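Chains as they are written, first to last, in the UniProt record's numbering: chain L, 1 to 375; chain Z, 1 to 414.
Quick caveat, the hints were computed from the structure, so don't treat them as lab data. Mixed in with the good hints, there may be bad ones.
What the hints assert, rightly or not - Here are the simulated DMTMM-like pairs of lysine to aspartate or glutamate, each with C-alpha atoms no more than 20 Å apart in a straight line: (1) Z:41 to Z:89; (2) Z:192 to Z:232; (3) Z:286 to L:367; (4) Z:53 to Z:29; (5) Z:209 to Z:227; (6) Z:402 to Z:130; (7) Z:291 to L:367; (8) Z:202 to Z:227; (9) Z:303 to L:303; (10) L:212 to L:183; (11) Z:303 to L:4; (12) Z:303 to Z:285; (13) Z:303 to Z:322; (14) Z:57 to Z:15; (15) L:10 to Z:317; (16) Z:303 to L:183; (17) Z:94 to Z:130; (18) Z:52 to Z:176.
As the list claims (entries may be wrong) - Derived coverage of chain Z by chain L (criterion: at least 3 residues anywhere in the stretch with Cβ under 8 Å from a Cβ of chain L; other residues may be distant): (19) 384-390; (20) 395-408.
Computed from a predicted model, the values in this text were never measured in an experiment. Just so it is clear, CB atoms sit at the ideal spot from N, CA and C, and this is done for glycine as well.
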Amino acid sequence: MNFEFSEDQKQLRDQARRYLTEQSPPKAVRAVLEGNAPYDKALWKGLAEMGFLGVAIPEEFGGAGAGHLELCVIAEEIGRALAPVPFSSTIYLAAEAIMLAGSDAQKAKWLPKIASGEAIGTLALFEGVGNPSHKAIKVSASQGAVSGTKTPVADGAIANFAIVAARTGSTGREADIGLFIVDLTGDGVTRKPLANLDQAHGQAEITFDRAKAEPLGNTAEGWNILTRVLDRAAVLMAFEQVGGADRALEMGRDYALDRVAFGRPIGSFQAVKHILADMYVSATLARSNCYYGAWALSTDAGELPEAAATARISATQAFQHCSKNNIQVHGGMGFTWEFDCHLYYRRANVLALSLGSLTYWENQLIDRMRFRNAS
Amino acid sequence: MNFDDTPQEAAFRAEARAWIQANAPKEFEAELSQPTVGRIKLKNRDILEESKKWQTKKAAAGWACLHWPKEFGGRGATPIERVIWQQEEGFYGKLEGVFLIGQGMCGPTMMAFGSDADKKKYLPPLASGEHVWCQLFSEPSAGSDVAGLRTRAEKKGDDWIINGQKVWTTGAHFSDYGIVITRTDPTQPKHKGLTMFWLDMKSPGVVVKPIKQANGQSEFNEVYFTDVKIPDSQRLGKVGDGWNVSLTTLMNERMSIGARQSTGFPELFAFCNDLMLEDGPAIDDKNVRSKLAGWAVKASGLKYTSYRSISALSRGERPGPENSIGKLVAGTMLQDIAMFAMDLQGASGALTDADSPSIAGQFQSILLRSPSDRIAGGTDEILRNIIAERVLGLPGDIRVDKDVPFNAIPTKGR
Ligand SMILES: Cc1cc2nc3c(=O)[nH]c(=O)nc-3n(C[C@H](O)[C@H](O)[C@H](O)COP(=O)(O)OP(=O)(O)OC[C@H]3O[C@@H](n4cnc5c(N)ncnc54)[C@H](O)[C@@H]3O)c2cc1C
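Extracted from the complex, chain L is given alone in its bound form (with noise of 0.2 Å):
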């Protein structure tokens, strides 16, 4: 048993950080968050250069090929900085369907564009409120084409392409549900920006009028590539999210050393000390649940459905949790449009929605918790 990160890939994350750190400032952050672009997209560029899009994609088809392991560490940095970029969107989901699912020339078509920064993609799955359900999918495929309305899309203005759940059938089953890929610059698509919380995620409405769509895998497989792709993303997620989650923890932290009161530095205070003792342990469990995530989807484990939902849950609760407290723990200043705590507090409840609810993934978790116990 090893249960770390082997230095290879600590020397990646090192070199992800210190990347990060100077081309994601908050600065860059903000100009995406106040409206003046929509990405960034010379991060983005930057991002494909140092090969960290296709960290995970097969050197055949203009990636790294290193592995999961290699992107979950780069997934961390990402949250750190909060980058302004389509990751989430392009690699954990996109990538990810068309690896898991594609055929040979739809990974020979999409793949490299990924990995050199050229197409971005998202996936449209919501039709409005409402967790991942296939019931409630409305958006309908038929003869090469899709319809229908789909809300919201992470990214979806922005976005080149799209893999789109859509109905083929009227069963009322799983297997009604196909997946296709679409061309988001082609003719029947119709995008709305729709403001949000955290424009550097932003969010689409996406309309389809028949739309020309390509069947990714099986289509009658669709909602059980989904789910494998939603379990993959949220480790990878949820690495992001335990990013977002420490560097609040250090903020605070280093407020707490920093800003003096009655005399004292107020991490000197007993009630701020244990604040901050908390927001340790909860990213700490959440960091050890996203390290055995980061182990069920490198080695494809039958633990993974599991894996995925425990560390999604854990991190979602832990990077609401530190960045709520760190707010507080910098009291007014903590507050203001100008210190950058709301921008991790934005992102902590932007993500924690991104891929199906904390209700959603921790009924997922039971029903995977009692599968295994009656098998």
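Got chain L sorted already, so can you dock chain Z with the ligand onto it with the hints?
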């Protein structure tokens, strides 16, 4: 990141499994395999005696105190082999409870500070369960603030004479030996005038009085010392260096308690699977699921956090203050889980007959026992201080008595 055994670890696992298969006390399988958070009971058998039997058997075959050196009754095993053994030993490991303090805390302290002759003489019977040891630190006015202790040790020739009182000493009533921290120089600031010893609990002048606990049981005691004489050769560490010696004990305590702490989660999960509520199985209820999931990820987080520290240990790192997390999280969880499980039972939740199939008396006994998990071995507040100060690097609490000679510190109450 790898859960697989190396070939060497796999061989070790196979050997351990075969031995346990052939030697475990199978007559207790039914009782031990039941979820048992808190105290275990064996029907019609004395738990101490049965624990000793199993430990002796393990020791004879080289399976006791695995990570200790062979010459002291261990096996010189790696941290990971220790985990493998625990996995394979499974519920039979519950029979180790009475040895936890001796083997987990007193033994390592003895190993670090005892004389060579004493180590050879006393450690093997501690490993084999022949001797039980206790830890005599806390006093009525010195619990969290253990350096505020008042039990005196005075040098008379080659001996020390001990007078004073300890309290909350777990297992003192059946212990053969103990490690005791005393004040040897009250004119020094409180952390400086302390000295550690080990002693025979049967020494003249030692009186042990069991305390009845809030849950009705008696696991801990008051211990009185009246002119108890012990030779200087039983000193652990230098005169006046007892505080540093005790830190070795406490660090090992956190590691050994933290790693084996019950969370109550597996018991709760099984319970919710079986329990029928008005609208169907409890586990189908939304509120129940959400609670279960929250605790599931904590239990899992603790498990993998301990795997991470084991990986660090096997790289040669020492157990650090981050291990405080285990008890801090599990203690509260246990208490909250007990309350939740009882709440699910409605009015019957208050009933305590553990043998009745319609209720789950185990949670009621967890309820009554769990407050102690948040106190013993460092309170939640002290553990948070440790994390804040020693892991996150925040300033220490203001200590008004730190540099004052101990006998000049104002006292109040007892
Ligand atoms: C079941 C059990 C078994 C035990 N076994 C042993 C044993 O074998 N050997 C042994 O030596 N001891 C043993 N103890 C004693 C245990 O270590 C102490 O009870 C514990 O350290 C707390 O000390 P106290 O009881 O004096 O409480 P106090 O220290 O008086 O604490 C009272 C309250 O004040 C809080 N508090 C105290 N100081 C601070 C501070 N600086 N900051 C914030 N809050 C503070 C505490 O958190 C607590 O809430 C055992 C205790 C229990 C419950």
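Hint by hint, here is what the structure shows:
1. Z:41 to Z:89: Satisfied, since the Cα-Cα distance of roughly 18 Å is no more than 20 Å.
2. Z:192 to Z:232: holds (19 Å)
3. Z:286 to L:367: Distance of about 12 Å is within 20 Å: holds.
4. Z:53 to Z:29: holds (15 Å)
5. Z:209 to Z:227: Cα-Cα ~17 Å, so holds.
6. Z:402 to Z:130: Violated - the C-alpha atoms of residue 130 (chain Z) and residue 402 (chain Z) are around 41 Å apart, more than 20 Å.
7. Z:291 to L:367: With a Cα-Cα distance of about 14 Å, the restraint between residue 291 (chain Z) and residue 367 (chain L) holds, given a limit of 20 Å.
8. Z:202 to Z:227: holds (13 Å)
9. Z:303 to L:303: Since the Cα atoms of residue 303 (chain Z) and residue 303 (chain L) sit roughly 15 Å apart, the hinted pair holds (cutoff 20 Å).
10. L:212 to L:183: Holds - the C-alpha atoms of residue 183 (chain L) and residue 212 (chain L) are around 7 Å apart, at most 20 Å.
11. Z:303 to L:4: holds (14 Å)
12. Z:303 to Z:285: Since the Cα atoms of residue 303 (chain Z) and residue 285 (chain Z) sit roughly 26 Å apart, the hinted pair is violated (cutoff 20 Å).
13. Z:303 to Z:322: Holds, at about 14 Å.
14. Z:57 to Z:15: holds (16 Å)
15. L:10 to Z:317: Since the Cα atoms of residue 10 (chain L) and residue 317 (chain Z) sit roughly 18 Å apart, the hinted pair holds (cutoff 20 Å).
16. Z:303 to L:183: violated (45 Å)
17. Z:94 to Z:130: OK: residue 94 (chain Z) and residue 130 (chain Z) at ~17 Å, within 20 Å.
18. Z:52 to Z:176: holds (13 Å)
19. 384-390: holds (count 5)
20. 395-408: This one holds; 4 residues, not fewer than the three required, reach chain L with a Cβ under 8 Å.
Going down the numbered hints, you'll see the structure goes against 6, 12 and 16, while the others check out.
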